[in-house]
Amino acid sequence: MPSSHLLTIVTFFPLLGVPALLILRGEDHIWIRRIALAVSLIEFVISLFLLPVFSATAGGYQFQEFHDWIPSVGIHYHLGVDGISLFLVLLTTFLTPISVLCSWTSIHERVKEFFICLLVIETAMIGVFLSLDLFLFFVFWELTLIPMYFLIGVWGHGRRIYAALKFILYTMFGSILMLVAIVWLYGLTGTFDLVRIQEYLTHTILPPQTELLLFGAFFVAFAIKVPLFPLHTWLPDAHTEAPTAGSVILAGVMLKLGTYGILRFCLPLFPHAASRMAPLIAVLAIIGIVYGALVAAVQTDLKRLVAYTSVSHLGLVVLGLFAFSTVSIEGAVYQMLNHGVSTGALFLAVGMLYDRRHTYEIKEYGGLATPMPILMSYFLFICLSSLALPPLNGFIGEFIILVGTYQAHHVWATWAATAAILSAIYLLWSYQRVALGEVTVEKNKTLPDASPREKLILATMAVVIILMGVTSPYFTRRMQVSADAVVQRFNGYQDALRRPVIAPAPPRAATAGAIHSAAPVAAVAIAPEVTKGARP
Amino acid sequence: MIPVSYFLVLSAILFGLGVLAFVFKRNIITIFMSIELMLNAVNLAFVAFGRAWGQLDGMVFVFFVIVVAAAEAAVGLAIVITLVQDRQSLNIERVNRLKL
Amino acid sequence: MFILDSLWIILALPLLGAAVNGLLGKNWPKSAVNSVGIGSVALSFLSVLEAVREFSQLTPSQIPFVRDYFSWIAAGPFRVDFSLQIDQLTVVMLLVVTGVGLLVHIYSVGYMAHEGGYYRFFSYLNLFVFFMLTLVLGSNLIVMFVGWEGVGLCSYLLIGFWFLKKSATDAGKKAFITTRIGDFGFMLGIFLTFWTFNTVEYKGIFTQLQQGSFAESTLTLIGLLLFAGAVGKSAQIPIYVWLPDAMEGPTPVSALIHAATMVTAGVYMVARMNPVFSRAPEAMFVVALIGALTAFYSATIGLVQTDIKKVLAYSTVSQLGYMFLGCGVGAYAAGVFHLMTHAFFKGLLFLAAGSVIHAMGGEQDMRQMGGLRRHIPITYWTMLIATLAIAGIPGFAGFFSKDEILEAAQSGPHANTALWLLGVAGAALTSFYMFRLIFLTFFGKERFDEHKVHVHESPKNMTIPLMILAFLSIFGGWVAAPHFAGGTDYFEKFLHPVFTQYAPAAAGTETAAEAGESGGMQLLHALTGIPVILGILGLLVAWWFYIKNTEAPKRLAASLHGLYLLLLNKYYVDEIYLAVIIRPLLWISTHVFWQTIDVGLIDGTVNGAAHLARQAGGEVREIQSGSTRSYATWVLVGAAGFTALLLGLWWKVR
Amino acid sequence: MTPFLAEQLRNLYLLSPEIVLCVFGIVIMVADAFTPAAKQRWLGWTAFLGTLVALAAVHHLSHESGVSTAYSGLIRVDGFSIFVHVVVLVAVGLAILGSIDYLEMEGLQRGEYYALVLFAAVGMGILAGANEMVMAFLGLEMSSISSYILAGFRKRAPQSNEASLKYFLLGSFATAFFLYGIAMVYGGTGTTRIDAVHEAVWSAVGKQGHTPALAMLGLGLIFVGLGFKVVIAPFQVYAPDVYEGSPTPVTALLAAGPKAATFALMLRIFYVSFNSASSFWFWAVWISAVLTMCIGNFAALVQTNVKRMLAYSSIAHAGYILVAFAAGTEIGVAAVLFYLAAYVLMKVGAFLVLTHLGQLDERYLDIQDYAGLAVRQPVLSACFALFLFSLLGLPATGGFFGKFFAFRAALDARLVWLVVIAAINSVIGAYYYLRVIVAMYFWEPSKDYTPTRVAPTLTFGLAIAAIGTIYLGVLPARVLDLAQAAAHSLLSR
Amino acid sequence: MSLPLLLFFVFAFIAVVGAILLISAREPIHSALALIVVMVSLALVYVLLGAEFIAAVQIIVYAGAVMVLFVFVIMLLNAGQEERTDWSRMAKYAGIPLAVIFLFWIAHWMARAAVGAVAGYAPGESYVTPSTTADLSKLLFTSYLLPFEVTSILILIAILGALVLARKEDKA
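Chains as they are written, first to last, in my numbering: chain L, 464 to 999; chain U, 506 to 605; chain C, 322 to 975; chain Z, 7 to 499; chain X, 13 to 184.
Chain L extracted, bound-state conformation:
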């Protein structure tokens, strides 16, 4: 495996743009945009270098980098990429220049800060995908919050402050519990390193109660981010108020942090708890799918509508993950990418409408196909991708998930498949209300059609949508080994459960000698059911 600093470069390159932007005068909008675009484009190109070198057959993580960070606590700077994270990174680097482009003219105030936020968020998200150290992961995870908080709060619309606070408080609530779980896990395993924790947990079986609590803490954090019903209500608000680029990033990548986390941590680390909770989670996911779709259908705000579609779509992804089959998991990962592209594109299109009319109210539109046929054609195309029309990308992901889920759980898949009907309802209905018919609002008659810049954005998205619909094996082949590993681990665990349970003897950190034993005894008394069996 080539040892290089490619991953570090990929992760931190966007930050290079920050000082460059800081040097510029605040009023020099043109150069600020150009530099932001250049940085994000170069970043995209750099990230593409991962593709040819990435081995589809090699198991485990590739391009690993490992350095000490806080050695005394066992915290390392450990990066690595596998088939699951590879494309998510690419998705991030792909969507960032798009976001830069789509903000070209719509951001007038504090332009510099805006693009700095975008670049920082890019680094943070890539960091999340590439971290192999739980602690590092958490750091990046939290770092994604702040720039997004500002994106929504500063450059958002109407109720932006409420939305921004809701966004960050919801997410922080989940992540702080995750932090507790991470530290606890560290206490059990003596390391933050994902690979080593995984190894450790392969040999040792946690007490069910402990495992369940750990799983729960991780899962809630991720479920909030996904967002899974009933933790989803921050999403519509955040989306509605966020600027277009914020929505694109939020829907395109940030929600994937949740599903990625589930796949990367919840399933492989706590397989038994995962399988125990799977029915419940699947039910929530299915409720999310149906519920999100139905609520989306009746929205009067275009962006809110799209936000609810995310609830529905990501419910499907979660379902795929918890069906525990290679097929469904690959489908889920693929669907993450698809959702990133399709929903990102939807937000882009909606944002272009907003740029023209400064409203998201559907009833303010209508008949737009007449003044702006090109934009509306793209909009339709994106809708079709989103409603999983074959052979576009959405179809592939959704279908694979459903096939995979169906293999194990007929009923889940059946319920989930209703999404096919419902997505057609809400997307076509909204398209009809926006684009078709006579132009109902006088102002709309003279709206300009897509500008060259917008055409470029939309065409890029359309091409990707088609490509991903036709060349899915290129992606899935590279995910195969990683997805298999998750399933293997799960199956292996099921086997292991049949063996007699051996109480684990967790290695303690070298410095962790208790000076007395009374406090822990008292502590056990606080939470006896929690710690029972955690120590021999």
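Label pairs and their calculated CB-CB ranges:
no.	chain 1	residue 1	chain 2	residue 2	range
1	Z	Ser74	X	Glu95	52 to 60 Å
2	Z	Arg484	X	Val112	50 to 58 Å
3	Z	Ala43	X	Met87	28 to 36 Å
4	C	Thr926	Z	Lys213	54 to 62 Å
5	C	Pro559	L	Gly522	49 to 57 Å
6	X	Pro109	Z	Lys213	37 to 45 Å
7	C	Gln936	X	Thr97	23 to 31 Å
8	C	Ser534	L	Thr520	32 to 40 Å
9	Z	Ala39	X	Leu33	42 to 50 Å
Listed below are the simulated DSS-like cross-link pairs for lysine-lysine, each with C-alpha atoms no more than 25 Å apart in a straight line:
no.	chain 1	residue 1	chain 2	residue 2
10	L	Lys906	C	Lys487
11	U	Lys604	X	Lys104
12	Z	Lys161	Z	Lys45
13	L	Lys826	C	Lys486
14	L	Lys906	C	Lys486
15	C	Lys486	C	Lys351
16	C	Lys351	C	Lys781
17	Z	Lys161	U	Lys604
18	L	Lys908	L	Lys826
19	L	Lys918	L	Lys906
20	C	Lys875	C	Lys766
21	C	Lys487	C	Lys347
22	L	Lys918	C	Lys347
23	C	Lys486	L	Lys908
24	C	Lys486	C	Lys773
25	C	Lys487	L	Lys908
26	L	Lys826	C	Lys487
27	L	Lys918	L	Lys908
28	Z	Lys213	C	Lys973
29	C	Lys347	L	Lys908
30	L	Lys906	L	Lys826
31	C	Lys347	C	Lys486
Here are a few chain Z residues that face chain L, going by a calculated C-beta distance under 10 Å:
no.	residue
32	Val381
33	Ala391
34	Phe395
35	Gly399
36	Ala402
Hints in this document: simulated from the structure, not taken from any laboratory.
C-beta: ideal position from N, C-alpha, C; glycine also.
Position chains U, C, Z and X against the provided structure of chain L, taking the given hints into account.
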């Protein structure tokens, strides 16, 4: 012979009365005096314990407590004077501009 | 083997045409647009012809002829290749699709000459042909599904072609969503198929069916789920409602998509999956039952419709029912045969109706027509031929195909008298309402204002397709004609391998009741069979009502007012769906899910918690009363509390 | 050199940071009389220099290997003491930097101020190294009495007087409890030497099978006295009033210095003297931790005065520190120390920002006043946001690692529920920190508020705090190692 | 009952009564005088305990200096009768009962602990231990040298504080 516990109980009673005075009285100076009462109780306890252990260390402690009490009194009364110049009242209940 | 080895060419041509027109055609002259549009389909048609020629040279063991192009989905064990196959059934479909498609393209040049969005229209049409070809050429369920959904999309686009009309866009949306309900079943069918067979390739499925034994219940379920897809696409009860509305689209679209090709995809699928259905008699019965019921039911609605295209639409629904009836009773060949003949005469009917509408300047209400046969003779004659064909008048294409289906229903291996009766009754009604259409439109006195409406015969590029189709409507059925004379049914013989190759062993190879009666008797039997008689009766009644005694319909309608209204309003099915499903769903979504659960419950809880926290904060800050004495009290509380705690613990341990 | 002289010199050497501070304090006091009003700010710089020299002395002392004691074991110079010294001196130094321009603005520029600050620092230094409760008491009183005066330094302002009085009365009240506690411990064990108490308790446990009840009672009262100084519930009551009323740089000092030093003393008494009684005091700490966090956070939620809000926040932070404290392990000590280091930087930093924003007479302390500040003073706002994020506990800031190590220590001791409560509290806390950021970044600029230029001195102080906060957030390894070594030295005999 | 015990009870009684007077008096000056009574009687108790030096310091520093300061301030401020204002509810309903309870609680443990728990204490013996002023000063200037020095700084702080607080505010 007087058992040490007698002194200790006396100390406790005085300390308790000092505490009571602190929450009972409204005049700032009296409240301050109740602190002095408490310190006196403490001193008694120190001396008594010192006797019990047959050591002089307890008395040394008392010595320092008295010094500190004197210093405190100087500063405290200065603060009281400053405050009264401003509020024109010695009632502690009127010192409640800062709250909630 | 030029084309067979490159089957993709057949697909690629229309796709290319669609892309070129769609992306570049906006500013092109119409001639350029239509030469691209027609040219691509024509080339595709020629390729099909060549493919058929090459196909005919294949040995039986080479059939079905499969070509893999690329791996399309590869997720763990779920692997789908983009592969195409050609066999006899495909050949029939290819010919129908590209043939009728070509004619409709040509026709459209004239019909759409004055419409805006010309390039768009041709682009969509080409795209449709592409997807339809994908549907029939695909060698696995997924590729079929691609075509299946793709044609749905094109249908959506073309129905809503005049997107300024709300009714048109509504209809397009309705078509798409309604068929998606069927597709939901189809998808589940595919999932179950994959679960059962671990593959979605036809060949793999069929081979396994032949070799292994599978639970009949599973196969029945697969059959029913797949059929659900067919029900949606082919507009059968209970989700046929979109098809009549689909008439909002331009008439060539109705002809091609909503009569000749797309709507028959369901029949094609059932025929294609015949090995599954053959092993699931209950599923077959459901197919037949739905088919027969639809055939009769929508015929009744067709009786009273006044919109010329609506009549044809219900007629289409009805005829599709026949096809399913045919498949359901095991006469797949007959079903497919009817599919083909129906493509000819129904395509013709629509195109002719389009010609009428064109001539009438857009008028579709038959009550505003009358006496047109003098003005537009070519249209009249071709339409009459088609009507004769659909009514099952002996000698015309429809006669052969429909009779074969009814015969199978009456005496085939899965015969069922009740279904047969429904079919026959439907046939009588069909004859009636079709002739009603003819009489109302072309006979009687002109009921339109001749000064306003300049009635004119359509241009050649419209009439020539009509004539070609008329020819086919007459002679298209004769490939099966010898059967009635006791000879060989060539059509069936051609398709025979498709339906027997993987058929269950017990069922044997019988498909047509060839044995038994002698040829002459059979012919006589057929000619004097109840369907024919009823068909002619229908003609006569229509004549009586609309030529002879034009007051009769009104009187009848008045005397059977309730029934009339019921039929006129299509059994109120749309209204019922609206009231029972759509409205409640929207209401629940808005008021229960969104407002109550989302805003009320979840956000309410969250905001409530926040509010509670603030309130708690308000309470907590009361501790900070500003009073020094109360602060001292707190210190005292702590002192007492903690000493008590420590000594309490101490006491316990001691 | 005679052994006696050598010993005395060594004693002086080991006490050099305090001596340096005293000397500077006295010099300033004297110089005050001879310095014209216009040059008084140089006294501030002298005081700052004093802290630097003291830091240098501490640095020099840090090369001492192992544990040394001075003055017949009254003072202990170990890694722990050195670590706390550094923390305290940083707090003091930053507070001095914040004071120079503040006093200028308020017209309070006086040498006494700086002398008092330095004397307070001496007290804190003694607290950090005290190995005898007499020393602890004196150190506590030195820092307290100086603080009482400093709190009332803005005599013009009624709230400053009030803060001073409340602090004084309640502080003395609590001190009385503390003293009584010491008396009882003395009664129970016969000694007031911190390490000797441990042995006495231990032998009592050996002989009687349990800790002497008097010592236990004494421990409870000591907890009251020290808990008051480190501002934990239910003794936190005075803090918001005092913090709000005091001049802002003094608030910065009060919130950081005495808290850090007193925590150090608490660690010594609880971890060393009453090590064997940890199963008893654990519960007191546990309950107090929960109360402290909840009261601090909830009450802060409804504050609109940012200074007071930060006061409540510092209560909440004391709660988080108690979470680590409750662990009862060496890791716990290290976590407390690290937390203190991070806390001092971010808290003093935040108050320094307020020093500037409050303007003359601390007029602008309401959250409304900071509306849209980010547009007008982007760098200052960014700085403030950084401190707030750190207080909130977001990664890449020292506060995050502080919280992280605290959680780690507590979880290591299996205090799962305590950690969960702390975690939830930190989310609640997020709300009010974010609200300030909302005001600064998301609101329309306030009309009433006219920004003023940030003085270089303050800029310097803020830069130190900000860089320190980020340093602890990105590369905490070194400081953590030091904290761990310090923790180790605390517990080694 | 031996004489010392009798004396003890007398002095203790006076001290307690003095403390109660301190609480009950409404004039601050009365409270101050009551406190002086307490201090003096405590000084006598110290004598009973054999701590004559402390007793002397108590009289000189406390009763003599500190209390004089108090009285002086009371005079200076012309503090009259205690104002009857609203009770702090917290102090009234929780503080006072709690203070009483606390009194008994501590007294109880003091009594208990002194009898049983003080290790190495044998009643009667310890009273003969000589405590001379010389011994005390020796201890003060050897073992406790540092705190002794530190108190000087403390007093410096006090001086400084008084200076700061008492100085006339110059108009800024």
